[in-house]
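The hints should help you fit chain B onto chain R, whose structure is shown.
Spelled out, the chains give:
Protein chains: 2
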Amino acid sequence: MKLYDSHRAPNPRRVRWCMVEKGIEDIEIVPIDIFKGEHRTPEYRARAGLSNVPVLELDDGTAITESIAICRYLESRYPEPNLFGRDAKEIAIVEMWMRRAEMLLATPLMLAVRHSHPALAALEKQVPEFAATYLAGAQRALPLFNRRLGESPFIAGERLTIADIVAFTGLDFARMVKFRPDASLNHVMQWAETMRQRPAAAAGA
Amino acid sequence: MKLYDSHRAPNPRRVRWCMVEKGIEDIEIVPIDIFKGEHRTPEYRARAGLSNVPVLELDDGTAITESIAICRYLESRYPEPNLFGRDAKEIAIVEMWMRRAEMLLATPLMLAVRHSHPALAALEKQVPEFAATYLAGAQRALPLFNRRLGESPFIAGERLTIADIVAFTGLDFARMVKFRPDASLNHVMQWAETMRQRPAAAAGA
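In order, the protein sequence lines correspond to chains R and B.
According to the numbering used here, the stretch in the first sequence is residues 1 to 205, in order.
According to the numbering used here, the stretch in the second sequence is residues 1 to 205, in order.
If you are wondering where the hints come from, they were derived from the structure by calculation, not from laboratory data.
In this text the structure is predicted, and so the values were computed from the model without any measurement.
In this text, a Cβ means the ideal position worked out from N, Cα and C, and glycines have one as well.
Mixed in with the good hints, there may be bad ones.
Claimed, not checked - DEER-style ranges, computed between Cβ atoms: (1) B:Ala119 with R:Thr41: 25 to 31 angstroms; (2) B:Asp26 with R:Asp33: 49 to 55 angstroms; (3) R:Gln197 with B:Glu90: 35 to 41 angstroms; (4) B:Glu129 with R:Thr194: 36 to 42 angstroms; (5) R:Asp182 with B:Arg45: 39 to 45 angstroms; (6) B:Asp26 with R:Glu90: 19 to 25 angstroms; (7) B:Ala88 with R:Thr194: 48 to 54 angstroms; (8) B:Ala119 with R:Arg140: 32 to 38 angstroms; (9) B:Ala121 with R:Pro31: 45 to 51 angstroms; (10) B:Glu43 with R:Lys125: 40 to 46 angstroms; (11) B:Glu43 with R:Ile24: 43 to 49 angstroms; (12) B:Val20 with R:Glu90: 43 to 49 angstroms; (13) B:Ala46 with R:Lys2: 46 to 52 angstroms; (14) B:Val20 with R:Pro199: 19 to 25 angstroms.
Unchecked claim - In silico EDC-like links for lysine to aspartate or glutamate, alpha-carbon gap of 20 angstroms or less: (15) B:Lys22 with B:Glu124; (16) B:Lys89 with R:Asp59; (17) B:Lys36 with B:Glu124; (18) R:Lys22 with R:Glu43; (19) R:Lys2 with R:Asp60; (20) R:Lys22 with R:Glu80; (21) B:Lys22 with B:Glu57; (22) R:Lys178 with R:Glu129; (23) B:Lys89 with R:Asp33; (24) R:Lys2 with R:Glu43; (25) R:Lys36 with R:Asp59; (26) B:Lys89 with B:Glu151; (27) B:Lys2 with B:Glu25; (28) R:Lys36 with R:Glu124; (29) R:Lys89 with B:Glu57; (30) B:Lys125 with B:Glu80; (31) B:Lys125 with R:Glu129; (32) R:Lys89 with B:Glu28; (33) R:Lys2 with R:Asp59; (34) R:Lys89 with B:Glu80; (35) B:Lys36 with B:Glu80; (36) R:Lys2 with B:Glu90; (37) B:Lys89 with R:Glu28; (38) R:Lys89 with B:Glu193; (39) B:Lys89 with R:Glu57; (40) R:Lys89 with B:Asp59.
Looking at chain R on its own, in the form it has when it is part of the complex:
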């Protein structure tokens, strides 16, 4: 298998993080420079279907895009340590928190960076009002995660799951626009420090 990867984008980082947690070392990494438009060539689009990074190319040539679809495929093929839940109820709880992390934090923060950081003006028709709205939304969502992290050490429960990876990589990417959780959110701050110290945090941060 091959992973078409971009070290500067937030979504590929979710996949690399999963790979480190699971100790996966037998997937070839193919770097794609999105600032050079390497994801917009006809060859790339023919392979991936879209100009998206990351793409996991399976051994039969099937291309899987969408970072969470790739992570779920890795979960099927490399089941330990489990990152998506083990039984019906745990799977639902992990999916619920992964989606909250994505929709309330990671996606708004990613869009805020894309709509306001000077380095990304080449990739996006930037609308500053979008950035402000998305940043405010993420700030409003953080107390929900702080309450949750006061009840359990990780977002979906007692152990690390894909929900933590989505939330942390989203928050960490937003450091590009100097976004930081308010220091009063002590459970979020403590969890973030735990995440930062995992070996996977260094995988192309």
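Relative to the frame of chain R, chain B by itself:
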């Protein structure tokens, strides 16, 4: 189990659609009137964690929010007909197309309705520019789905999956702002007609 449901919102419709496809009749439906703010009461928030609809309350009291997390729980408990894929590769392909349907069509269309329909002014601080941007994004994404539906009868392959349910309910909700795929997108039009004729289409549309 109980499903806290709102017949006028698009995300609960995904869950009802899954229930009809799977023939699930043993879950109690509790209607929530979001225009009366029934999802914002302290009791509701204490149960659900958020002011979101739908919520699936399990028999042990656990509340699951996020429509896809609920549908995936139903898939675990009522596995046939399969809506999320059967093996590692199919599961990844379904997740990829479900996410494309959600991120490229359903979410932008839902936000466009929320930011422009007069009936929803009570629920959202409406920004007309957001609506225009989101509608344009959905229009740009439709040719991808048209190409795909020229290759297979359903979005993720040979049979109906959650990807079709997310795409169709998203498109159908956007009729509220008179959004329609261009008639030249013949594969999308034909697929939409097939979807409209399924018994599940009548489940609280």
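Structure-based check of each hint:
Checked against the given bound of 25 to 31 angstroms, the beta carbons of Ala119 (chain B) and Thr41 (chain R), roughly 45 angstroms apart, lie outside it. Checked against the given bound of 49 to 55 angstroms, the beta carbons of Asp26 (chain B) and Asp33 (chain R), roughly 54 angstroms apart, stay inside it. Checked against the hint of 35 to 41 angstroms, the pair Gln197 (chain R) and Glu90 (chain B) passes, with Cβ atoms roughly 37 angstroms apart. Checked against the given bound of 36 to 42 angstroms, the beta carbons of Glu129 (chain B) and Thr194 (chain R), roughly 40 angstroms apart, stay inside it.
For the hinted restraint 39 to 45 angstroms between Asp182 (chain R) and Arg45 (chain B), the CB-CB distance of approximately 21 angstroms leaves it violated. Take Asp26 (chain B) and Glu90 (chain R): their Cβ atoms lie about 22 angstroms apart, and the range 19 to 25 angstroms holds. The given range of 48 to 54 angstroms is broken by Ala88 (chain B) and Thr194 (chain R), whose C-beta atoms sit roughly 30 angstroms from each other. For the pair Ala119 (chain B) and Arg140 (chain R), the supplied restraint of 32 to 38 angstroms is violated, since their beta-carbon distance comes to about 24 angstroms.
As the Cβ distance of Ala121 (chain B) to Pro31 (chain R) is approximately 47 angstroms, the hint placing it in 45 to 51 angstroms holds. The supplied range of 40 to 46 angstroms is met by Glu43 (chain B) and Lys125 (chain R), whose beta-carbon atoms lie about 44 angstroms from each other. A beta carbon spacing of about 45 angstroms between Glu43 (chain B) and Ile24 (chain R) agrees with the range 43 to 49 angstroms that was offered as a hint. The hinted range of 43 to 49 angstroms is not satisfied by Val20 (chain B) and Glu90 (chain R), whose Cβ atoms lie roughly 26 angstroms apart.
Under the hint 46 to 52 angstroms, the C-beta atoms of Ala46 (chain B) and Lys2 (chain R), about 48 angstroms apart, fit the expected range. The hinted window of 19 to 25 angstroms between Val20 (chain B) and Pro199 (chain R) is violated, with their beta carbons roughly 46 angstroms apart. In summary, the hint linking Lys22 (chain B) to Glu124 (chain B) is not supported, as the alpha carbons are separated by about 34 angstroms, beyond the 20 angstroms threshold. Distance restraint check for Lys89 (chain B) and Asp59 (chain R): the Cα-Cα separation of roughly 11 angstroms lies within the 20 angstroms cut-off, and the hinted pair is therefore satisfied.
Taking the CA atoms of Lys36 (chain B) and Glu124 (chain B), the gap is near 14 angstroms; set against the 20 angstroms cutoff, the hint holds. Annotation: proposed proximity of Lys22 (chain R) to Glu43 (chain R) is violated, straight-line Cα distance about 31 angstroms (limit 20 angstroms). For the proposed pair Lys2 (chain R) and Asp60 (chain R), the alpha carbon gap of about 11 angstroms is at most 20 angstroms, so the pair holds. The suggested pairing of Lys22 (chain R) with Glu80 (chain R) holds, with an alpha-carbon distance near 6 angstroms, which does not exceed 20 angstroms.
Distance hint between Lys22 (chain B) and Glu57 (chain B) is fulfilled; the C-alpha atoms sit about 19 angstroms from each other, no more than 20 angstroms. A distance of roughly 17 angstroms separates the Cα atoms of Lys178 (chain R) and Glu129 (chain R); the hinted pair therefore holds under the 20 angstroms criterion. A distance of roughly 27 angstroms separates the Cα atoms of Lys89 (chain B) and Asp33 (chain R); the hinted pair therefore is violated under the 20 angstroms criterion. Proposed proximity of Lys2 (chain R) and Glu43 (chain R) is supported: the alpha carbons are some 15 angstroms apart, at most 20 angstroms.
With a C-alpha separation of about 27 angstroms, the suggested pairing of Lys36 (chain R) with Asp59 (chain R) is violated against the 20 angstroms cut-off. Among the hinted pairs, Lys89 (chain B) with Glu151 (chain B) is consistent with the structure: their alpha-carbon atoms are about 18 angstroms apart, no more than 20 angstroms. Proposed proximity of Lys2 (chain B) and Glu25 (chain B) is supported: the alpha carbons are some 11 angstroms apart, at most 20 angstroms. For the hint pairing Lys36 (chain R) with Glu124 (chain R), the CA-to-CA distance comes to about 14 angstroms; that is within 20 angstroms, so the pair holds.
The straight-line distance between the Cα atoms of Lys89 (chain R) and Glu57 (chain B) is roughly 11 angstroms, inside the 20 angstroms bound, and the hint therefore holds. The straight-line distance between the Cα atoms of Lys125 (chain B) and Glu80 (chain B) is roughly 41 angstroms, outside the 20 angstroms bound, and the hint therefore fails. Of the pairs offered as hints, the one joining Lys125 (chain B) and Glu129 (chain R) holds, with about 14 angstroms between alpha carbons and a cut-off of 20 angstroms not exceeded. A threshold of 20 angstroms between alpha carbons decides the hint, and for Lys89 (chain R) with Glu28 (chain B) the separation of about 18 angstroms falls inside it, so the pair holds.
Distance check on the hinted pair: Lys2 (chain R) and Asp59 (chain R) sit about 8 angstroms apart at the alpha-carbon level, within 20 angstroms; holds. With a C-alpha separation of about 18 angstroms, the suggested pairing of Lys89 (chain R) with Glu80 (chain B) holds against the 20 angstroms cut-off. Of the supplied pair hints, the one linking Lys36 (chain B) and Glu80 (chain B) is violated, its CA atoms being roughly 36 angstroms apart against a limit of 20 angstroms. Our distance criterion of 20 angstroms between C-alpha atoms is met by Lys2 (chain R) and Glu90 (chain B), whose separation comes to about 18 angstroms.
For a cut-off of 20 angstroms, the pair hint linking Lys89 (chain B) to Glu28 (chain R) stands: about 18 angstroms separates their Cα positions. For the hint linking Lys89 (chain R) to Glu193 (chain B), the alpha-carbon distance of about 35 angstroms lies beyond 20 angstroms, and the restraint is violated. In summary, the hint linking Lys89 (chain B) to Glu57 (chain R) is supported, as the alpha carbons are separated by about 11 angstroms, within the 20 angstroms threshold. With a C-alpha separation of about 11 angstroms, the suggested pair Lys89 (chain R) and Asp59 (chain B) falls inside the 20 angstroms cut-off, and the hint holds.
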